[in-house]
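Number of protein chains: 2
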Amino acid sequence: MKKAIRFFTLSFIIAVFTSCSSNPNSKNSTLSNKDPLSSWNNVTSKTSVIDFVRAVTDKNNLRFVPVEDRIAVFDNDGTLWSEQPAYFQLFFAMDRIKELAPEHPEWKGIQPYKAVLENDMQALAASGEHGLVKLVLTTHSGMNIEEFSESVKQWISTTKHPTKNVTFDKLVYQPMLELLQYLRNNGFSTYIVSGGGVDFMRAIVTEVYGIPSEQIIGSTIKTEFQIVNGNPEIIRLAELDFIDDKEGKPVAIQRIIGKKPIFCAGNSDGDLAMMQWTASNQQPSFMLYVHHTDSVREWAYDRNSHIGRFDKGLDEANEKGWTVVDMENDWNIIYPNDVK
Amino acid sequence: MKKAIRFFTLSFIIAVFTSCSSNPNSKNSTLSNKDPLSSWNNVTSKTSVIDFVRAVTDKNNLRFVPVEDRIAVFDNDGTLWSEQPAYFQLFFAMDRIKELAPEHPEWKGIQPYKAVLENDMQALAASGEHGLVKLVLTTHSGMNIEEFSESVKQWISTTKHPTKNVTFDKLVYQPMLELLQYLRNNGFSTYIVSGGGVDFMRAIVTEVYGIPSEQIIGSTIKTEFQIVNGNPEIIRLAELDFIDDKEGKPVAIQRIIGKKPIFCAGNSDGDLAMMQWTASNQQPSFMLYVHHTDSVREWAYDRNSHIGRFDKGLDEANEKGWTVVDMENDWNIIYPNDVK
Chain G
145 MKKAIRFFTL SFIIAVFTSC SSNPNSKNST LSNKDPLSSW NNVTSKTSVI
195 DFVRAVTDKN NLRFVPVEDR IAVFDNDGTL WSEQPAYFQL FFAMDRIKEL
245 APEHPEWKGI QPYKAVLEND MQALAASGEH GLVKLVLTTH SGMNIEEFSE
295 SVKQWISTTK HPTKNVTFDK LVYQPMLELL QYLRNNGFST YIVSGGGVDF
345 MRAIVTEVYG IPSEQIIGST IKTEFQIVNG NPEIIRLAEL DFIDDKEGKP
395 VAIQRIIGKK PIFCAGNSDG DLAMMQWTAS NQQPSFMLYV HHTDSVREWA
445 YDRNSHIGRF DKGLDEANEK GWTVVDMEND WNIIYPNDVK
Chain X
145 MKKAIRFFTL SFIIAVFTSC SSNPNSKNST LSNKDPLSSW NNVTSKTSVI
195 DFVRAVTDKN NLRFVPVEDR IAVFDNDGTL WSEQPAYFQL FFAMDRIKEL
245 APEHPEWKGI QPYKAVLEND MQALAASGEH GLVKLVLTTH SGMNIEEFSE
295 SVKQWISTTK HPTKNVTFDK LVYQPMLELL QYLRNNGFST YIVSGGGVDF
345 MRAIVTEVYG IPSEQIIGST IKTEFQIVNG NPEIIRLAEL DFIDDKEGKP
395 VAIQRIIGKK PIFCAGNSDG DLAMMQWTAS NQQPSFMLYV HHTDSVREWA
445 YDRNSHIGRF DKGLDEANEK GWTVVDMEND WNIIYPNDVK
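Chains as they are written, first to last, in this note's numbering: chain G, 145 to 484; chain X, 145 to 484.
Source of the hints: derived by calculation from the structure; they are not laboratory data. If you're wondering where the values come from, they're calculated on a predicted model, not measured in any experiment. Don't take each hint at face value.
Treat identical chains as interchangeable: a pair holds within one or across any two.
[What the hints assert, rightly or not] Each computed SDA-like pair below joins lysine to any residue, with the alpha-carbon atoms no more than 25 angstroms apart:
id	residue 1	residue 2
1	Lys484	Glu273
2	Lys366	Gln398
3	Lys242	Gly331
4	Lys297	Pro246
5	Lys403	Ser295
6	Lys278	Gly331
7	Lys366	Val277
8	Lys403	Ser357
9	Lys203	Glu351
10	Lys178	Glu262
11	Lys403	Asp385
12	Lys203	Asn375
13	Lys456	Glu290
14	Lys403	Leu281
15	Lys178	Ser285
16	Lys366	Ala267
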């Protein structure tokens, strides 16, 4: 159970659901429309990425990397979309509990369900790690894969973020969408490698990020192949399988991709192991950390945050000269479509 | 431990190391050089495959399938290369034991190592499933991923098959190499989904089949990310992780690819679940079983074989009208380069 805490940190519960205003319009962007990274200001992080991509795609450059080895891995929560005031998947789990509650009258008297139903965050916190895992397993299992996918799609299309007042899929970072596309245009395979549940992400992000299901790697619960009424089904079981966080990330990258990445993007200490793994590539590699510095347009947090803690990773990035994006100064837009 | 028996069936031990001659030259092939499946005789299995591929790639056909959904999955042992008189990975394990023996003088007195060192197949059989798993874990763990890959490459380039007298990588089926290429030329992604170890396969088959590491799915042992003398490494542990056989195959397909295949090739009951899974696709799908009928050029075995048993699968293929390749009659060549 120890590792389960990585899946959904307990601390989301005490995160403050702060409201915030935003200023999505560009500041000091002087780039033309043809700029592939037009939501990035003309800063070092941007020019470093472009210099790297130009080098590894140029056959005459000593740093050239063949297409088949141009593997890029991206964390999701806090790197491609927001993760405050709690991981979006946790909002889904809590909403599912409320949706399923009529079929489970007993939940009114059992933690952690009672806490969710009564919006009692203190009691939910008191249920501890064990309670949170119970929540996730309850809401993510006991159905086949199509039913689960449908329930996520239904939720994402109808539920709004508590402070941003848009559906959660609108809270993706426009500069990162451009970066994904720019890398793909240059022959990179862009993978998500996230602590989030793989099937939760697949139901949402293929369309949003343009990443096919086979390039989405995440945490998994156990599943089982069964013939149900003559039809083959894959049933989701209430048992953790693999937690794709911290040291789990390079392990999953090796098991599923089987190649060391040459590009890695993340935002927290949970991404440090895959950064180190990428940095150890004998081919040229690029490590990019997104630093949440914008308290006005997004959220500002790092070393002391319970969600997306960025402490050891920040030290190592500074020490090793990895690229750190300052969201406030480096990005002229945070979200697409002027989300405030 | 029950599932471990699927990884390496006990029965290889009693398989007869029969010698055989071959007749690799074409019989009644009347096809031109431009035929993408020129090693296939002009038989129903071949025309069915071609009809299917033409339909799903033709935008004006009702059976059209978009490129992103053209997922093809292939078993490896007995489907893409031979698996007699024992799975090739087991020869590797036994050879590794002999290679490592000087560092382990105690093995002379401990089963199953003693049996391997003395070529005592009866004693090896007596060590049972537990003994076989021990063999595999001993020889596939305790090193980092690069060292393991190197040991496999070294073995495959130097060790010859006991009766065919060529290195094991020469025992791939030429007609299946053509089928893989034909599917890829028509926009299919061709995956291996095998009970064999994923890193064992990756060290060999990317080059042989033209399949990149990220499209090779197999059984896994647990691994761990460690910083060793300042360098990140992934270390292979002596613990089974996932057995990619039988019901495990559709489970792995869903977990890693996240899409139901439209094309599935296998040769044994171990492939039946992924055949059923593919057949349940709402899009058009094609199920192809390779039937080992050629006792002269390859090996003939099916319902009563301990390796690659093809019994329930054969019944279901006949019942449901899936395509069954008769190796003796349908293929004018078995192996490339006139291997006899």
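Tested hints:
no. : hint               : result
1   : Lys484 with Glu273 : neither (33 angstroms within a copy, 62 angstroms between copies)
2   : Lys366 with Gln398 : both (20 angstroms within a copy, 11 angstroms between copies)
3   : Lys242 with Gly331 : neither (44 angstroms within a copy, 44 angstroms between copies)
4   : Lys297 with Pro246 : within (21 angstroms within a copy, 59 angstroms between copies)
5   : Lys403 with Ser295 : between (34 angstroms within a copy, 18 angstroms between copies)
6   : Lys278 with Gly331 : neither (42 angstroms within a copy, 43 angstroms between copies)
7   : Lys366 with Val277 : both (14 angstroms within a copy, 23 angstroms between copies)
8   : Lys403 with Ser357 : both (18 angstroms within a copy, 7 angstroms between copies)
9   : Lys203 with Glu351 : between (32 angstroms within a copy, 22 angstroms between copies)
10  : Lys178 with Glu262 : neither (51 angstroms within a copy, 70 angstroms between copies)
11  : Lys403 with Asp385 : both (22 angstroms within a copy, 19 angstroms between copies)
12  : Lys203 with Asn375 : neither (51 angstroms within a copy, 29 angstroms between copies)
13  : Lys456 with Glu290 : neither (39 angstroms within a copy, 28 angstroms between copies)
14  : Lys403 with Leu281 : between (31 angstroms within a copy, 23 angstroms between copies)
15  : Lys178 with Ser285 : neither (46 angstroms within a copy, 51 angstroms between copies)
16  : Lys366 with Ala267 : neither (28 angstroms within a copy, 37 angstroms between copies)
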